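Asks: What follows is the residue order along each chain.
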Amino acid sequence: MSLKLLKQPQFLIGSFIMGAMILISFTLHHFYSAPEQVPYLYKDGELVGVAPFTPSQVPPFGTDRFGRNLLFLLFDGAKYTILIAFGIAIIRVAVSGIFSIFYNHYSKKLRPVFEDIFESTLFVPTSILAYILIAPLVFQQVDSGKSFTEILVIQCIILVLIGVPPLVSTLSKDMSSIMKKEYISSTFTLGAKPGYVYRRHVLPEMASRFLLVVAQQIISVLLLLAHLGVLLVFLGGGQTFTTGDIFNVSDVLVSMSGEWSGLIGSNYKEVMLKPHIVLIPLGFFGLTIFAMNLVINGIQNSIKSERS
Amino acid sequence: MKFSVENYFDKLRSIMLGVILISFLPSLIHGIDQKVNLWEYTLNDKTYSLFPDLFEKYFYSMTIFMGALLVGLCFAIFFTFCTSILHHRLKRMIYGLISLFESLPDIFIVIVLQLTIVYIYQKTGLLIANVTTLYDDKIYLLPILTLSVLPTIQLFKITFLLMNEEQDKPYITVAKSMGLSDHYILIRHVFKNVLFNLFLYFKTIFVFMLSNLFIMEYVFNIHGIMMTMLSFNSFMFFISVMLIAIPFTFLFELAQSFIYQSTGKNEEGAA
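Chains as they are written, first to last, in this note's numbering: chain A, 1 to 308; chain B, 1 to 271.
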């Protein structure tokens, strides 16, 4: 299957975009030092503008309120954002894979009850669920003085657990449909133990399915991150900076990790004044999701060609 | 599974159990906040009392939701109809374009639409619709249009794929060999079947639109039912979710029994 996947052009283009972004993000510091912050722009000794600048003033993407170059920030944050999304998606699928084996094997009676309880999550959007679980943590950060990594780990655990119940529901349905196949029942007749059957037959057959689900989960995690960014919930917590002059003091919550949702959130108030600061990071989210969509299309095509 | 009131209440009970579980999860994890008053909630530093107020918000949100669903469905069907007459190559181009649009986060589209209205107002002085709410006045046109954009795209994609699938089926070949015109087949047969299949995706579209509704309310500063879920009041959260769950579970059950009945009949017909 893996070889056939490499023949899908959509899969190749998609993973090329993702790979390139991560690679640039990691090697950026070796080739370029971070451009210095330019809060004021001078031309022939005269003050022309104050940060944030539009893309036309400071090409290519302008700067944020602190005068930091947006392009550099975006590429710098790409590695955190994409790797966090990858990590959460993979752990989600791994955890729910293990759960769904147990769920599928042991609880024939519990299934309808669990299924109905799972239905209740349909009526609560994931972003709201994530917000009400994570936001108190961010408020606590100031009081209890939890460290950056502590908060990041707790947030990631919550983000993983949010996605597990629906995944268990779908994966266990797939598993039970595989278990109904004839060759599985003949393996059982020959005296195989359930553990062996799952390891030897069910999981390999699910391999391409798992790959597809991971790719889909990456997209949903990215969307969730974008939403949380707008709601001012940042991964790893935030730090409050005071900006503006004496007559117009404003507090800005800045993300401590450099990921994109932090960029969106801390600049969200500017959306009516300088929309590019919010729209360009969101556009980058869109680009990543588009690349992942290409990857998904590639996987789906290869599964289809395998079947026919 | 035929629709019965008993089934519905059974399901509602389990959902209620699930929602109670979810609504107490934050206080379980982070400790119980004693200060919260159950019968009122705060939003943007303003305190509201829970009960008469919530219903007004609820009906407002549901109006927008239903309006957007209707508009989205109409547009999606209209667009599918337009593209189905087009040339093969153009179809693929449109499909690619749709995939590109689909990748944009919903919040991007909401903000861009809001900014476009502001931009048009700045340039021409023509205010097409209000872009945000202040205090308690209500806006309808722009939220409905904004909310309908993404369902339109998604519904269009689904109908497009279903349409292509439908074109290869044997009954189309039979109809063609009978000398019926392409347009007649398209409207009379293909469209009917596609619309029915579209019905099967109702849950996906519902979940997707609910999430969009939330983001839209947040960006447009609309005080709707989704915003009340954000105030850290477990009781409040429970009531709001149940208000959404009660009618929609009914609709889902109804839809499911309808699907079951008609597909059951189809199988009988085939056999």
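There could be a bad hint or two in this list.
Which stretches of chain A does chain B cover? Using the computed rule of at least three CB atoms under 8 Å from a CB of chain B, they are [to be verified]:
no.	stretch
1	71-85
2	223-232
3	265-279
4	283-295
None of these hints come from the bench; they were simulated from the model.
The model shown is predicted, which means the values in this text are computed figures rather than measured ones.
Every residue gets a Cβ at the ideal spot worked out from N, C-alpha and C, and that includes glycine.
Asks: Please count how many residues of the stretch 283-295 of chain A have a CB within 8 Å of a CB from chain B and say whether that reaches 3.
Replies: Since 7 is at least three, the answer is holds.
Asks: So is the stretch 71-85 of chain A in contact with chain B by the C-beta rule, three or more residues under 8 Å, or is the coverage claim wrong?
Replies: That given contact is violated, which follows from only 0 residues of the stretch 71-85 of chain A lying within Cβ reach (below 8 Å) of chain B.
Asks: Given as covered by chain B, does the stretch 265-279 of chain A meet the bar of three residues or more with CB within less than 8 Å?
Replies: Held - the stretch 265-279 of chain A has 5 residues with a Cβ nearer than 8 Å to chain B, which meets the minimum of three.
Asks: Checking C-beta pairs, does the stretch 223-232 of chain A have three or more residues closer than 8 Å to chain B?
Replies: This one holds; 5 residues, not fewer than the three required, reach chain B with a Cβ under 8 Å.
Going down the numbered hints, you'll see the structure goes against just number 1.
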